[in-house]
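Residue numbers for the sequence shown follow the working numbering, beginning at 1 and rising by one.
Think of the hints as simulated: they come from the structure by calculation, not from any bench.
Keep in mind that this is a model prediction, so the values were computed, not measured.
The reader is advised that the hints may include incorrect statements.
When the alpha-carbon atoms are kept at most 20 Å apart in a straight line, the in silico PhoX-like pairs for lysine-lysine are as follows [stated by the list, open to error]:
| no. | residue 1 | residue 2 |
| --- | --- | --- |
| 1 | K92 | K81 |
| 2 | K81 | K111 |
| 3 | K111 | K139 |
| 4 | K4 | K111 |
| 5 | K92 | K139 |
| 6 | K95 | K108 |
| 7 | K56 | K42 |
| 8 | K7 | K56 |
| 9 | K4 | K42 |
| 10 | K108 | K4 |
| 11 | K108 | K81 |
| 12 | K105 | K139 |
| 13 | K95 | K123 |
| 14 | K108 | K77 |
| 15 | K7 | K42 |
| 16 | K95 | K56 |
| 17 | K92 | K77 |
| 18 | K111 | K123 |
| 19 | K41 | K4 |
Computed spacing ranges between beta-carbons, pair by pair [to be verified]:
| no. | residue 1 | residue 2 | range |
| --- | --- | --- | --- |
| 20 | T8 | I120 | 21 to 27 Å |
| 21 | D38 | I120 | 17 to 23 Å |
| 22 | G57 | K92 | 21 to 27 Å |
| 23 | H68 | M1 | 31 to 37 Å |
| 24 | K56 | Q121 | 35 to 41 Å |
| 25 | K105 | K56 | 19 to 25 Å |
| 26 | G57 | G124 | 17 to 23 Å |
For each residue, glycine too, the CB sits at the ideal point set by N, CA and C.
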Amino acid sequence: MIRKFQKTDIDRVADIWLNGNLEAHSFIPAGYWKDNFDMVKKMLESAEIYVYEDEKGIQGFAGLNGCHIEGIFVEGKERSKGIGRQLLEFVKNIKEQLSLNVYMKNEKAMKFYLREGFIIQEKGVDPDTGEQDCRMIWKQQEK
1 MIRKFQKTDI DRVADIWLNG NLEAHSFIPA GYWKDNFDMV KKMLESAEIY VYEDEKGIQG
61 FAGLNGCHIE GIFVEGKERS KGIGRQLLEF VKNIKEQLSL NVYMKNEKAM KFYLREGFII
121 QEKGVDPDTG EQDCRMIWKQ QEK
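Using the sequences and the hints, build the whole thing.
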(Lines of atoms letter the chains of each structure in order from A; the text may use other names.)
(Lines give C-alpha, C1' and ligand atoms only; values in the text may rest on other atoms or scores of the structure.)
Protein backbone atom coordinates (compact mmCIF):
# COMPACT_ATOMS: atom_id res chain seq x y z
CA MET A 1 0.00 0.00 0.00
CA ILE A 2 1.19 3.51 -0.79
CA ARG A 3 0.19 6.27 1.58
CA LYS A 4 1.17 9.78 2.57
CA PHE A 5 4.09 10.13 4.97
CA GLN A 6 3.32 10.61 8.67
CA LYS A 7 5.71 12.20 11.17
CA THR A 8 6.01 8.86 13.00
CA ASP A 9 7.59 7.42 9.82
CA ILE A 10 10.63 9.69 9.99
CA ASP A 11 13.20 7.34 11.52
CA ARG A 12 12.44 4.49 9.12
CA VAL A 13 12.33 6.79 6.07
CA ALA A 14 15.60 8.48 7.05
CA ASP A 15 17.31 5.10 7.51
CA ILE A 16 16.13 3.94 4.07
CA TRP A 17 17.45 7.23 2.62
CA LEU A 18 20.89 6.81 4.19
CA ASN A 19 21.28 3.12 3.38
CA GLY A 20 20.01 3.63 -0.16
CA ASN A 21 22.49 6.41 -0.85
CA LEU A 22 25.39 4.47 0.64
CA GLU A 23 24.58 1.42 -1.49
CA ALA A 24 23.68 3.16 -4.78
CA HIS A 25 26.37 5.82 -4.68
CA SER A 26 29.54 3.99 -3.67
CA PHE A 27 31.45 6.42 -5.91
CA ILE A 28 30.72 9.21 -3.40
CA PRO A 29 32.49 9.06 -0.01
CA ALA A 30 30.18 7.62 2.67
CA GLY A 31 30.96 10.61 4.88
CA TYR A 32 29.07 12.89 2.51
CA TRP A 33 25.79 11.04 3.15
CA LYS A 34 26.44 10.61 6.87
CA ASP A 35 27.38 14.28 7.29
CA ASN A 36 24.11 15.34 5.64
CA PHE A 37 21.90 12.83 7.47
CA ASP A 38 20.57 15.16 10.20
CA MET A 39 19.86 17.99 7.76
CA VAL A 40 18.04 15.65 5.36
CA LYS A 41 16.06 14.10 8.21
CA LYS A 42 14.77 17.58 9.13
CA MET A 43 13.95 18.31 5.48
CA LEU A 44 12.08 15.01 5.14
CA GLU A 45 9.70 16.01 7.93
CA SER A 46 8.27 18.83 5.82
CA ALA A 47 8.61 17.29 2.34
CA GLU A 48 5.91 15.73 0.16
CA ILE A 49 6.58 12.03 0.73
CA TYR A 50 4.69 8.88 -0.13
CA VAL A 51 5.66 5.62 1.55
CA TYR A 52 5.23 2.04 0.40
CA GLU A 53 4.20 -0.10 3.34
CA ASP A 54 3.46 -3.81 3.57
CA GLU A 55 2.93 -6.24 6.44
CA LYS A 56 6.64 -5.91 7.36
CA GLY A 57 6.47 -2.10 7.55
CA ILE A 58 7.77 0.71 5.35
CA GLN A 59 9.86 -0.70 2.50
CA GLY A 60 10.37 2.42 0.40
CA PHE A 61 9.38 5.99 -0.32
CA ALA A 62 9.24 8.69 -2.95
CA GLY A 63 10.12 12.27 -2.01
CA LEU A 64 8.88 15.21 -4.05
CA ASN A 65 9.49 18.92 -4.13
CA GLY A 66 6.62 20.14 -6.29
CA CYS A 67 7.03 18.25 -9.56
CA HIS A 68 10.66 17.36 -8.89
CA ILE A 69 11.43 13.88 -7.57
CA GLU A 70 14.08 14.30 -4.92
CA GLY A 71 14.44 10.54 -4.73
CA ILE A 72 12.82 7.13 -4.80
CA PHE A 73 14.37 4.80 -2.25
CA VAL A 74 13.65 1.15 -1.54
CA GLU A 75 14.98 -0.99 1.31
CA GLY A 76 17.98 -3.00 0.02
CA LYS A 77 16.57 -6.53 0.24
CA GLU A 78 13.25 -5.35 -1.24
CA ARG A 79 14.75 -3.85 -4.41
CA SER A 80 13.90 -5.28 -7.83
CA LYS A 81 10.48 -6.43 -6.59
CA GLY A 82 8.48 -3.64 -8.23
CA ILE A 83 8.24 -1.27 -5.25
CA GLY A 84 10.15 1.54 -6.96
CA ARG A 85 7.99 1.21 -10.06
CA GLN A 86 4.80 1.32 -7.94
CA LEU A 87 6.00 4.47 -6.19
CA LEU A 88 6.88 6.07 -9.53
CA GLU A 89 3.51 5.13 -11.03
CA PHE A 90 1.80 6.62 -7.99
CA VAL A 91 3.52 10.00 -8.41
CA LYS A 92 2.96 9.92 -12.19
CA ASN A 93 -0.77 9.67 -11.45
CA ILE A 94 -0.77 12.79 -9.29
CA LYS A 95 1.56 14.99 -11.37
CA GLU A 96 1.31 15.98 -15.03
CA GLN A 97 5.07 16.18 -15.38
CA LEU A 98 8.08 15.21 -13.32
CA SER A 99 11.77 16.00 -13.24
CA LEU A 100 14.69 14.52 -11.35
CA ASN A 101 18.46 14.48 -11.22
CA VAL A 102 20.42 11.25 -11.30
CA TYR A 103 24.13 10.55 -11.14
CA MET A 104 25.51 9.23 -14.43
CA LYS A 105 27.45 6.53 -12.55
CA ASN A 106 24.20 5.22 -11.03
CA GLU A 107 23.57 3.06 -14.09
CA LYS A 108 20.75 1.08 -12.52
CA ALA A 109 18.76 4.25 -11.78
CA MET A 110 19.53 5.68 -15.22
CA LYS A 111 18.19 2.54 -16.92
CA PHE A 112 15.13 2.49 -14.64
CA TYR A 113 14.08 6.06 -15.40
CA LEU A 114 14.76 5.75 -19.13
CA ARG A 115 12.68 2.56 -19.22
CA GLU A 116 9.89 4.38 -17.36
CA GLY A 117 9.59 7.12 -19.99
CA PHE A 118 11.96 9.81 -18.73
CA ILE A 119 14.22 11.58 -21.19
CA ILE A 120 17.53 13.29 -20.51
CA GLN A 121 17.05 17.05 -20.63
CA GLU A 122 20.58 18.14 -19.77
CA LYS A 123 23.85 16.87 -18.36
CA GLY A 124 25.94 18.63 -15.76
CA VAL A 125 27.94 18.29 -12.58
CA ASP A 126 26.50 18.17 -9.06
CA PRO A 127 28.24 21.08 -7.32
CA ASP A 128 28.05 19.34 -3.91
CA THR A 129 29.79 16.11 -4.97
CA GLY A 130 31.60 16.99 -8.19
CA GLU A 131 29.95 13.98 -9.86
CA GLN A 132 28.40 14.09 -13.32
CA ASP A 133 24.64 13.99 -13.27
CA CYS A 134 21.78 14.62 -15.59
CA ARG A 135 18.37 16.19 -15.32
CA MET A 136 15.60 13.95 -16.64
CA ILE A 137 11.99 14.84 -17.36
CA TRP A 138 8.73 13.00 -17.89
CA LYS A 139 5.44 14.40 -19.17
CA GLN A 140 2.04 12.78 -19.11
CA GLN A 141 0.94 11.79 -22.61
CA GLU A 142 -2.16 13.42 -24.10
CA LYS A 143 -5.17 11.16 -23.78
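Worksheet item: Which of the numbered hints are not met once you compare them with the structure shown?
Response: 4, 6, 7, 10, 12, 13, 16, 17, 20, 21, 23, 25 and 26
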